[in-house]
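> Below, each chain spelled out in residue letters.
2 protein chains.
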Amino acid sequence: MKKSSVQLVEVGLRDGLQNEKHQFSVGEKIEMAELLIAAGVRRLELGAFVRPDRVPQMTGSAEIIKAVLGKYGSKIQGSALVPNETGMTAALETPVKEVAVFASCSESFSQKNINCSIEESLARFESVFQAARKNKIRVRGYLSTCFACPYEGKISAKKVVALARRLYKMGCYEISIGDTIGVAGPKDVEELFKMLKKVVPVAKLAGHFHDTRGMATANTLAAYQLGVRVFDTSLGGLGGCPYAPGASGNVATEDVVYMFDSMAVKTGLNLDRLLAANQWVKSKMGKELPSKVGRVGRLKPLGKVEHR
Amino acid sequence: MKKSSVQLVEVGLRDGLQNEKHQFSVGEKIEMAELLIAAGVRRLELGAFVRPDRVPQMTGSAEIIKAVLGKYGSKIQGSALVPNETGMTAALETPVKEVAVFASCSESFSQKNINCSIEESLARFESVFQAARKNKIRVRGYLSTCFACPYEGKISAKKVVALARRLYKMGCYEISIGDTIGVAGPKDVEELFKMLKKVVPVAKLAGHFHDTRGMATANTLAAYQLGVRVFDTSLGGLGGCPYAPGASGNVATEDVVYMFDSMAVKTGLNLDRLLAANQWVKSKMGKELPSKVGRVGRLKPLGKVEHR
Chain A
1 MKKSSVQLVE VGLRDGLQNE KHQFSVGEKI EMAELLIAAG VRRLELGAFV RPDRVPQMTG
61 SAEIIKAVLG KYGSKIQGSA LVPNETGMTA ALETPVKEVA VFASCSESFS QKNINCSIEE
121 SLARFESVFQ AARKNKIRVR GYLSTCFACP YEGKISAKKV VALARRLYKM GCYEISIGDT
181 IGVAGPKDVE ELFKMLKKVV PVAKLAGHFH DTRGMATANT LAAYQLGVRV FDTSLGGLGG
241 CPYAPGASGN VATEDVVYMF DSMAVKTGLN LDRLLAANQW VKSKMGKELP SKVGRVGRLK
301 PLGKVEHR
Chain B
1 MKKSSVQLVE VGLRDGLQNE KHQFSVGEKI EMAELLIAAG VRRLELGAFV RPDRVPQMTG
61 SAEIIKAVLG KYGSKIQGSA LVPNETGMTA ALETPVKEVA VFASCSESFS QKNINCSIEE
121 SLARFESVFQ AARKNKIRVR GYLSTCFACP YEGKISAKKV VALARRLYKM GCYEISIGDT
181 IGVAGPKDVE ELFKMLKKVV PVAKLAGHFH DTRGMATANT LAAYQLGVRV FDTSLGGLGG
241 CPYAPGASGN VATEDVVYMF DSMAVKTGLN LDRLLAANQW VKSKMGKELP SKVGRVGRLK
301 PLGKVEHR
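The listed protein sequences correspond, in order, to chains A and B.
Here the first sequence is numbered in our numbering, starting from 1 and rising by one per residue.
Here the second sequence is numbered in our numbering, starting from 1 and rising by one per residue.
Treat the hints as calculated values from the structure; they're not laboratory data.
Hints may contain errors.
Interface residues of chain A toward chain B, partial, derived using beta-carbon atoms under 7 Å [claimed, not checked]:
{"#": "1", "residue": "T212"}
{"#": "2", "residue": "R213"}
{"#": "3", "residue": "G214"}
{"#": "4", "residue": "T217"}
{"#": "5", "residue": "A218"}
{"#": "6", "residue": "A244"}
{"#": "7", "residue": "P245"}
{"#": "8", "residue": "D255"}
{"#": "9", "residue": "S262"}
{"#": "10", "residue": "P301"}
Pairwise CB distance ranges (calculated) [claimed, not checked]:
{"#": "11", "chain 1": "A", "residue 1": "A264", "chain 2": "B", "residue 2": "E107", "range": "48 to 58 Å"}
{"#": "12", "chain 1": "B", "residue 1": "R273", "chain 2": "A", "residue 2": "G246", "range": "16 to 26 Å"}
{"#": "13", "chain 1": "B", "residue 1": "K154", "chain 2": "A", "residue 2": "A123", "range": "27 to 37 Å"}
{"#": "14", "chain 1": "B", "residue 1": "V202", "chain 2": "A", "residue 2": "A203", "range": "29 to 39 Å"}
{"#": "15", "chain 1": "B", "residue 1": "K284", "chain 2": "A", "residue 2": "E63", "range": "48 to 58 Å"}
{"#": "16", "chain 1": "A", "residue 1": "M195", "chain 2": "B", "residue 2": "R138", "range": "39 to 49 Å"}
{"#": "17", "chain 1": "B", "residue 1": "K284", "chain 2": "A", "residue 2": "Q225", "range": "51 to 61 Å"}
Glycine is no exception: its CB is placed at the ideal position from the N, C-alpha and C atoms.
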């Protein structure tokens, strides 16, 4: 029997660090990318081509991309977020071969997050797709607030499916379905992905879950059971949740790897090395990261311990 | 179509508080029980008849049981842990109609936790079962370290199944299968419960998961998918983990209710009232509890928020 496998897309360096107050230096981010690659990470976000005055955490993305792809380009799939043509132009000055665009399923969230309507955001992507085709660059699509929005509440699955279909038709090779504020439960995931699979091949869909309400591993399991094989995860659970200070954001890579390891589903990642990378990030940030496996590690017989 | 439902057994007052340093007064525990019952809790641990010099947190269990059962006895199923005949004798002096016995699947854990071998623990239960039959008291069985033990590592599923079968034959009306140190993944749960179902009716099995490694909701989902309909949960995730200081212990009632609510599976519990009970416990303990839903609540549209 063929062993099952999944692909994890490491978003800690971009989606994760972008939402953390601590500012890593360019050199530290390169080191973090190297630790991730040493742990087996093959798909990872390396940065974003956004306005440094608005997103200072993403400063130096070009330099990071050049350094990391210069060294590991042949064996990894590194990507950068590009919000528009300006970002794409900057991306084209680097060796990056994959970019990502970001759309929301909620008008309010789109306005507040990227200052334009959903339609306007899709229109902006046209020039990104054109440049991508011309330069043989793959485009990944992020769809955010696919279950609910902090401003509008529940989002209709039909709306999500229609947007996923459009992004796919526009040329996204993969659509990442985001539970941006971590409100979905496994049944919500099941229902949405069942609908999505009818319009986008399941192999082209990714799950992007947040652990804000402790549902991320259950949601990952539910999506896996439906045939989803790509998941976005963040080392240590980096990322937090801007809508609930102190709450968990992105599901932790370590926790997802722990779960798939226990299911004998291949991730290609080495948990012990991920735990070492977690410790490195923790030491730099001076705080414990949300990942639960990151905190306790895998099972180690303890020997003599005092307890009842 | 008949709506699906599950029963949650609230273990916060016993299993939870027993493993917390903060000492609640008898009056506070009665108040906590009342908050839980107001939230819809119908099955709950109320205390333990153990040596107060060894487990000071359980002091006053008789008083709590008398107060709570005196007021709500007709509508709730309250239980007390009894380790042996002495404990059972004490339980019989209260109106409690359900007791629980506790055995381990690991020899080392049994020795270190209850100071006897597994066989000796089962022998001690004989007198408990005799007294229970005579006094028409139900006996629930807890099986701990059903997946792995902190001293011995992985535990054989065959051993767990054999012990569950024995407890069932001895007279336990329900066997709670505990992942005491939170190491199992959903596939482990699936494999063990598939074997257990062959020797104990699935309606007589309960899942008792710990969120030490972030797997508890995924494991609950996996067990639910196999037909398990009873789960032990702890308000706020009270309980911690004596083997990993600072780590999560029992899965939080709020998180499990949130998940089942999202699946339209009836728990009979009111999440908002549970969240109020969480706030009450938090204020008494002066610290945030592990429950993720307890920290962020259910989705509330946020209105205007500054963010990217």
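> Are any of the numbered hints broken by this structure? If so, which, sorted upward?
Hints 7, 11, 13 and 17 are the ones this structure does not satisfy, whereas the remaining hints hold.
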